[in-house]
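Build the complex from these two chains, which are given one at a time in their own frames, with help from the hints.
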Amino acid sequence: MYSQGLIGADGRTEESEAFLEAFQKRIDAEEKIEPKDAMPEGYRRTLIRQIGQHAHSEIVGMLPEGNWITRAPSLKRKAALLAKVQDEGGHGLYLYAAAETLGVSREQMTEELHSGKAKYSSIFNYPTLSWADIGAIGWLVDGAAIMNQIPLCRCSFGPYARAMIRICKEESFHQRQGYEIMLTLCRGTPEQKEMAQDALNRFWWPALMMFGPHDKDSAHSEQSMKWKIKRFSNDQLRQKFIDATVPQAEYLGLTVPDPDLRWDPELNDGKGGYRHGEIDWDEFWRVVKGDGVMNRDRIAARRKAWEEGAWVREAALAHAAKREGRRAAAE
Amino acid sequence: MKEETPLWEVFIRPRNGLAHRHVGSVHAADAVLALDAARDVYTRRGEGNSIWVVPSAAITASDPAHADETFDPTADKIYRHPTFYDIPEDVGHM
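If you're matching them up, the sequences are chains A and B in order.
Take 1 as the starting number for the first sequence in the working numbering and just add one per residue.
Take 1001 as the starting number for the second sequence in the working numbering and just add one per residue.
FYI, nobody ran anything at the bench for these hints, they're computed from the structure.
Just so you know, nobody snuck in bad clues.
Partial pick of chain B residues on the chain A-facing surface, computed with a CB cut under 10 Å:
(1) 1004
(2) 1023
(3) 1063
These numbers come from a predicted model, not from an experiment.
Note that the Cβ used here is the ideal one computed from N, Cα and C, for glycine as well.
Excised from the complex, chain B in its bound form (with noise of 0.2 Å):
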């Protein structure tokens, strides 16, 4: 088999104001191509005014088997929530 092409990660923003947002991939020689491909595979409709592509072997993801260690501390820290300190209702809104 000859050499694959390679793959690429689409992000887009449907309108400004928004933050682009993973989409799905394509496969291109090189950016341009890949921003070519990913123009006419994910916005034949209106979806977006602004595409990004990163090469998919760029990305480096955290591991799910290890997911329990990564995420699980954020969960015991209920204090970092406003719902963990009482304030009088005479106070009003906070």
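So here's chain A without its partners, still in its complex pose (with noise of 0.2 Å):
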């Protein structure tokens, strides 16, 4: 999902050879790059694209499975699903305070999520139809995450870094909640795997988009690979999460829905690997540029939580001001 957070983002930067080689070195040293040190602006604005989008990520990823709370199954699937909405919350301000380190305010931030200047993973702009499609997404979207954001806890940047230890952390009970979802649903009745394998069917697809474009299409990929913004490219994680996927998948007894996924023994350096189907990027470039079932709903609940809570805001810098003034007449 965070491999999205490139596209677009400008890379360029102004400053002198002999400066941006002494990066370099240190970033080839495997230094880690911390808020005040002296940066490329090109790496600081790739980072704040990142990171910032990265947040947007988990803000709006809650609305998906939020839109399940009340209608959880039973009391213990609800509690755990409340704690992972908690948890992706939490997610999204651990990241936004290590953006904010790089010079960008959280209101700049919320700002341009809202008039759609800033992007966040395309996933979430798909519906969540039945129950099954949470443990869909605790599953693939959180596997997904997951694979990309364990190389993100060794980014040189030393907050993004820290930030992503405390996440991936968190994040494997998400995965595994998931997938005992699924697990539930596939021993059930028909009617219920059924649910399961429709699930599976609709995010499939959109989980593989997660990584971003194709490595060839990938404009911004080479120069966040050389600053150790990344460390893998978008197709090899691809390939890592279809290689760890397709035997969850066969264990719960469901069909992955790519006709073409074949194992073949020549991949990943003949240890052996899936060849997938192609990707219908027409519909990922679509669904990233706004074009998606739910972006329009996506924002408009985003809108609406920050222009609703915008009274309580105020209040509390009120009731601040207020207490600060009585102790310094106190004084």
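Written as structure tokens, this is what we have:
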């Protein structure tokens, strides 16, 4: 999901050769870059964009799952889903804080999300139509997110790497709760198993798209790899995800909705892997550019929350100012 | 744009006997709300038993551009380290 953060990133820099070389040397030596360190403008811009969009993805990601909290089938499932959605909110906040260390304000990032200038992961523009979708999201969407996020724990920018370590620790519960929902449905009635298959059918391809465009179409990937913001290419991560996930689908007794999917012993340097069919990139770009089923709803929901919460933010600031005034008067 | 909600740095002590450690930051209008937010954001899984919140604006940091002048002099004072001194092995562990 976070490779998508690079779409449209502007990695150009205008600094002197010597400065850029010295910076690259630090990166090559695996030194972490901290917020107040000198850094190329392109590095700063790329990170603000990527971390900001990663944060937006966490926050918008609360919406499709939040949709099912009141309708969870049992108290246990409801408690787990509530905790998961709360985690996503927390992840968004860790990430906003990491981006803010680069000199962008929270208000600015929020504004860019609401105006459509900043993107978030395309996956959250798909609707959650049945309870099985909550299972599929935990299993596939969080699974794909983990694939993406584990290498980000070693990102060259310190605050981003530290936030990712916290997030990865918490994310594992998300994937397991999702898979357990799928497993329960698959061991249930034929109708329940059909629900699980239907959810896999709808979420499989969008989950593969979370890794971003093909390497050959990913314009800014190369610079991000050089700066060690990214450690693996989009296609490498996608391949890892497919190889890990297909056997999990088989265990569930579900069919991956890709007629071209086949085992190829030559892949992955002879260790073997799954070849997959062509991804519908037209759909991908359509959803990224705002024409997915849920794009408008998601932004409308975020705007509503922001606008209807304005009086709370204002009242809290007014209360703080009043108390501060009284304290100063008493001194 | 309206007034921005202030930023606070959050420090958590994982358990008694350890020092408070910086874990991240939160936005909050005042110290009480900052503590509440820090609890919700940074201690959902028993990460600690004590939280400090400090207004980010109250922190003065050293300048990384001056790191050489600031920290280099410590590297050439090798006599500050125990291995600088020769003690015969016969003396035993010291």
